[in-house]
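Given the coordinates of chain A, work out where chain B should sit on it, guided by the hints.
Chains as they are written, first to last, in full-length UniProt numbering: chain A, 1 to 695; chain B, 1 to 695.
Incorrect hints may appear among the rest.
No copy is singled out in the list; a pair is fine if it fits within one copy or between any two copies.
Derived DMTMM-like pairs (lysine to aspartate or glutamate); straight-line CA-CA distance at most 20 Å [to be verified]: (1) K368 <-> E564; (2) K585 <-> D512; (3) K135 <-> D677.
Worth flagging that the hints you see were computed from the coordinates, not collected in a lab.
Everything numeric in this text was worked out from a predicted model, so none of it was measured.
There are 2 protein chains.
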Amino acid sequence: MPNPPPAWVQALKPAGPQGSELLAHERAQSNVAVDRLAELLHTKAALERQQRILGLLQPEKVFDKSQNHSLGRVDRIQRSLAKGKRLQQLAEQYKWTTEEVLTANELVGEPTPYGLHSTMFLVTLREQGTPEQHKLFLERAQKYEIVGCYAQTELGHGSNVRGLETTATYNPDDKTFTINSPTLTASKWWIGSLGRTANHAVVMAQLYVGGKNLGPHPFVVQIRDMQTHQPLENVYVGDIGPKFGYNTMDNGFLLFNNHKIPHVNMLARFTRVDKETNQYVRPASPSLLYGTMTWVRSSIVLQAGGVLARGVTIAVRYCAVRRQFQDREATEPKGENQVLNYKMVQVRLLPLLAAMYALHFTGRGMMKLYDENQNRMKAASQPDQDNRGAGPEQLRAGADFLADLHATSCGLKALASTTAGEGLEVCRRACGGHGYSSYSGIGPWYSDYLPTLTWEGDNYMLTQQVARYLLKSARAVLSGKAPSNDTCQILQSYLDRREKGASFDVLEVDSDIVAAFAWRTAHLTFEALKHRDVENRSWNSLLVDFWRLSTAHSQYLVVKNFYEAVSSPQLAAAVDSETLGLLHKLFRLHALHTLEREASEFFTSSAVTTRQIGLARTNAVMKLLDEVRPHAVRLVDAWKIPDWQLDSSLGRYNGEVYPDLFRRASQENPVNDLVFDPYPWNENVLKNGAPKSKL
Amino acid sequence: MPNPPPAWVQALKPAGPQGSELLAHERAQSNVAVDRLAELLHTKAALERQQRILGLLQPEKVFDKSQNHSLGRVDRIQRSLAKGKRLQQLAEQYKWTTEEVLTANELVGEPTPYGLHSTMFLVTLREQGTPEQHKLFLERAQKYEIVGCYAQTELGHGSNVRGLETTATYNPDDKTFTINSPTLTASKWWIGSLGRTANHAVVMAQLYVGGKNLGPHPFVVQIRDMQTHQPLENVYVGDIGPKFGYNTMDNGFLLFNNHKIPHVNMLARFTRVDKETNQYVRPASPSLLYGTMTWVRSSIVLQAGGVLARGVTIAVRYCAVRRQFQDREATEPKGENQVLNYKMVQVRLLPLLAAMYALHFTGRGMMKLYDENQNRMKAASQPDQDNRGAGPEQLRAGADFLADLHATSCGLKALASTTAGEGLEVCRRACGGHGYSSYSGIGPWYSDYLPTLTWEGDNYMLTQQVARYLLKSARAVLSGKAPSNDTCQILQSYLDRREKGASFDVLEVDSDIVAAFAWRTAHLTFEALKHRDVENRSWNSLLVDFWRLSTAHSQYLVVKNFYEAVSSPQLAAAVDSETLGLLHKLFRLHALHTLEREASEFFTSSAVTTRQIGLARTNAVMKLLDEVRPHAVRLVDAWKIPDWQLDSSLGRYNGEVYPDLFRRASQENPVNDLVFDPYPWNENVLKNGAPKSKL
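Same shape as in the complex, but just chain A:
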């Protein structure tokens, strides 16, 4: 690294007022109860945990972040494996809980090559393995003796799992399976932790028994030697190359040339091939797996709030420090104006500030529903106090509940991850030129987050499932046989009221805002149903309508969850009335800004009038921006994202933006070790030995 700058440079300070002064002023002008709000968002225990683990990680050299953005993939992935190893050592040393491991990973802030081992590989073994298989694979995997991955996606096959080409053929003679890749497109692809790290993989393959295809099933397959870590014979495996982000992960490819594995390697909790009869035994209860997907998607919703919070924290703090142009019409002119005072900046950032709260509370709501469902299922599968099992009524209600939860989680996963991903980019651009520097901390994070829009169900594909569910619900409502869930209720009340019209007072009554969003969903649902069932239009021709419908429904769910959260007695008990009032304003800002952005659907459905939309934009939203503005810095402070996690010069808690940018550029930037030879007639690019200038 370069020498420290000369004394005359070290003596320079930014032109005043300093960033620290500006942020101190921001914090002084608001009474938001930062600590109480933080505990409400994260719990006291989680905040304490974060501080404790931060104290362990930050001093260790292995976790140094300063070179992350300058290094190439070969260096980065090796450093990341070293981080993963050290994290695992610490986890053993301190006997970390799952939550503590998660916290540590979040603070480190990059995927490590163990990422898929510690999540999907272990989860799949746990959920789909028999006790015998747990002993054989899971226990060793938990100790990292076996390092694994989950190999489903193929080079030619993403969302369509039924189209997978890898085969697993049962051999009745020796009771084994032969795993094979018949084509190049059958190559497993994108598999995290596979490229260089894993020695085992759970491979999803088309099971063939007696010549019959029984669909995709999971198999545990050893792929590398436990000692040399070289691929086994008839296994071709490697890393798939550089990516837009996620470059510290070894996403891999995998091909098999008729590779034999033992009978015990087919994960057999739900389905199996009987060794005695050589017959396939059908699945028992696939709905349990349904539950896992729902859990994963719900956690993506919750996480989306936190992801967005990272970008908004950086952008809000920096826009309070950055000043540009004088406001000649301002009443007290005093040098250049804070960028955060400009309406064009506010209208981009403050609705995202509101959205991060909205997504957080929605994710919480989803998690609660998921827990309810798990308890319900547990209750249904066990005899009750009177020693009776669940009756058919209860089972049907459970299935209805799960179907609703499943559709909800699909739509919200798509909406939340799109909002967070695109929101990060809005935050980055709101930082102006410096947003483009890696030291902003937003760009690298955006790049790493983007896969979330594709995995666990591509965001566009998922919208079809939501639409299918809404159409089904609408048919049930029309036939008078609807279950009593929220979805059917909003469809029913739309039908009841359709003739007399809506006339919601969205500008004055908060619950009317929620009702207007419900109305729009119902309107779009019955429109789509007419296209499908009456006009018999093809599924393909309706995909765009379905996407709009799913988005509308998911926006309704977020608005409803946010409204319920800010209206709950728990919240009123947890924070002071001023903070509570501000959270209500965030709700209105989120809802009315969304309403205005989607204006045309709201008034073609007659949920509101064009006059109301106009007023929502020019009056309500603009006024809310004014009201939220003074509290913006405290509202991001309440998320308590440590500077070390943000890794951002622009988003530093203390506002020392420019000294930090300068320090990193001049002191942590390896490019400054190079001395170029700038003359095109000299072949060498670096200045070596004798001067060669023509002058």
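Coordinates of chain B only, in the frame set by chain A:
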């Protein structure tokens, strides 16, 4: 690099039908005259030039692109300087014209450290230097004896040039200037070619003469030794570090500690400090510089079409090769369906296909206006045949024309670069999971393109200039003193017709579409004027309205330019009627899709009815997607972007997507040279020596 894969892997082919067959089928089903269309878009000479230069560059090892996405910044920037040197050598050897140099740079596809030397540095010397300064600086710079950059932006100052802090104080005693950086935020920042390459800089600094601040002026400052390339004393200079993209450029910082430069180093074509009197001499004709900015922005509009074409070419070809799910309702079921057949994919990609044509023709139109303006100015400054100079009438008309062109170029620069930048990301996501691979070619290009949204006027800032111009025009129209340009005409005809209403037939009559866009602009202009002049609302409170207004106006300009291009006799003469008809459909697709996306502004302005909007969406746009779909591949082929330039496995002309992805992952990916030690209890991350597994 790894060994070639074993024979059994090499024998594998993708599952059929092959990508080459699918693209051959696509090309067979359309009659679009690819070559004639290509000549129309680019000219025959440009296509020939591209082929010739491609033939020179592609075989040279120095231009190899295979490691671009795996290397770190230190390696990448050195390789890029080597490319820059070699390009300069070739330029001298083959005596390349400016156009040939541009073509070579576009084919190489990355900024090199010479980027700002060869553009802004040379241009500034040329335009703002005296003949003496041309001899002293420009001639040597053209020979690369002097290597320079253009240093305007500072750490604390971007768009607001008047806020720059660097000072240049005139010393009457020895007729020198002292350049100084009084604060840390005065550090020059983001300056391309400065960090490691330049030995000179044009520095924009606040000129002080006799204690008086005369605003920012340009000075030529030597910053590094010509022999050792080390920074001069009292100069602190370096690279600003890693960025979201553009990492092959050494954007730099620069600080001065009272650094003295000779009198001749102030660029003095327009303003100067007289050595005899020690007095500042005022600028002669600043409008010439105005013209340069207009030219740069117009070229960004033209380039935006080409940038978008790159993403659309990749996505359209890949979506024709990629297949997913069966369409169970299709009349001829035959395996999985091409992704391009899904309406949800079409609605994302085909309007972008239309937009790239729209932007291209608009950029062409802008360039033509720019040339007209240059000719007009030249004519006005020279005596005409009758030996008379330009009269006051002509001068005023010229100023009006330039003001209109300036506003147009501001708004279109913002709209075009935003459309291209965001469109690239839409293309990347439309490629599904593989879009995330660097081998898609879209992500790296997107990252490198993003600065265009900020430089040459931040896209949000620019919209204020457009709005200011429209308000001024509206006031002129109301006062009856408007110049006779298109902007004033559309405002006037809106006023004339406002009472009786619009009733444009956008679904049937193409010229009515253009009129509806003009109507919306005019409506928003007079709304904004009312807020400003009647309601006296503050400028800040109207920024969001101004941004909407600028966007609306710029969309009108694109729609109008596209319409004029497809209706022109030149076009009708250049291509067959089938291709011509298709270009008309692209016009309608672009315009109606935009209209539908901005629906609420169109019907609150009463330009169209809600019924028309509904029909535009469900009927017109959907039908146009069907009609354009079969020609999509040929319509991107016509842009003739060579595979080597695209650098994309997904967008290959021959459709061999999967073999190419596989080849690059397995053969060009240096991560596959690493053998990990996967066990967390071993500190080393690479497998060295004796096996250490616990098993």
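Hint numbers the structure violates, sorted upward? 3
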